[in-house]
Amino acid sequence: MVNSFHHQGVARVASGFSVTATTSEGLVEAIEVDDPGQWIVGVQGHPEVMDQGEGSPMGRLFKAFVAVAAR
Numbered sequence: 056m057v058n059s060f061h062h063q064g065v066a067r068v069a070s071g072f073s074v075t076a077t078t079s080e081g082l083v084e085a086i087e088v089d090d091p092g093q094w095i096v097g098v099q100g101h102p103e104v105m106d107q108g109e110g111s112p113m114g115r116l117f118k119a120f121v122a123v124a125a126r
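In my numbering, the protein residues as written are 56 to 126.
Among the hints, a few may not be true.
Restraint ranges, calculated between C-beta atoms of paired labels, are given here [said to hold, decoys possible]:
(1) Arg67 - Glu109: 29 to 37 Å
(2) Val123 - Val68: 18 to 26 Å
(3) Ser73 - Lys118: 27 to 35 Å
(4) Phe120 - Thr78: 30 to 38 Å
(5) Arg67 - Val121: 15 to 23 Å
(6) Ala124 - Asp90: 27 to 35 Å
(7) Ser70 - Val104: 27 to 35 Å
(8) Ser79 - Arg126: 33 to 41 Å
(9) Arg126 - Thr78: 13 to 21 Å
(10) Ala122 - Glu80: 30 to 38 Å
The set of hints was computed from the structure by calculation and includes no laboratory data.
Computed from a predicted model, the values in this text were never measured in an experiment.
In this text, a Cβ means the ideal position worked out from N, Cα and C, and glycines have one as well.
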């Protein structure tokens with residue numbers, strides 16, 4: 056579960072993507088591509104204001120982003 060400071064949301068997730076984070080109300084906040092050969096992540100929440108410690112979900116997201124960007 057993630058924080059949410061907006062009212063927009065994904066009504067329908069495209070084929071080939073999965074929902075990976077929602078608010079307590081069920082609003083989609085993150086999606087990821089199902090193809091393990093690609094790294095495509097869509098985040099709609101505000102990860103910059105969440106806990107970004109090493110083991111936190113946002114910390115893992117940022118670490119993965121940096122690793123992919125470094126390739």
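We went through each hint and held it up to the structure:
Separated by about 34 Å at the C-beta atoms, Arg67 and Glu109 satisfy the suggested range of 29 to 37 Å. Separated by about 21 Å at the C-beta atoms, Val123 and Val68 satisfy the suggested range of 18 to 26 Å. The hint said 27 to 35 Å for the Cβ distance between Ser73 and Lys118, and at roughly 20 Å that hint is violated. Checked against the hint of 30 to 38 Å, the C-beta distance between Phe120 and Thr78 comes to roughly 22 Å, which is inconsistent with it.
The given range of 15 to 23 Å is broken by Arg67 and Val121, whose C-beta atoms sit roughly 31 Å from each other. For the hinted restraint 27 to 35 Å between Ala124 and Asp90, the CB-CB distance of approximately 18 Å leaves it violated. A hinted range of 27 to 35 Å for the beta carbons of Ser70 and Val104 is consistent with their spacing of about 32 Å. Hint check: Ser79 to Arg126, Cβ distance near 35 Å, so the stated range 33 to 41 Å holds.
For the pair Arg126 and Thr78, the beta carbons lie near 32 Å from each other, so the given range of 13 to 21 Å is not met. At about 32 Å, the CB distance of Ala122 to Glu80 agrees with the hint of 30 to 38 Å.
In the structure shown, a violation is registered for the earlier hints numbered 3, 4, 5, 6, 9, in ascending order.
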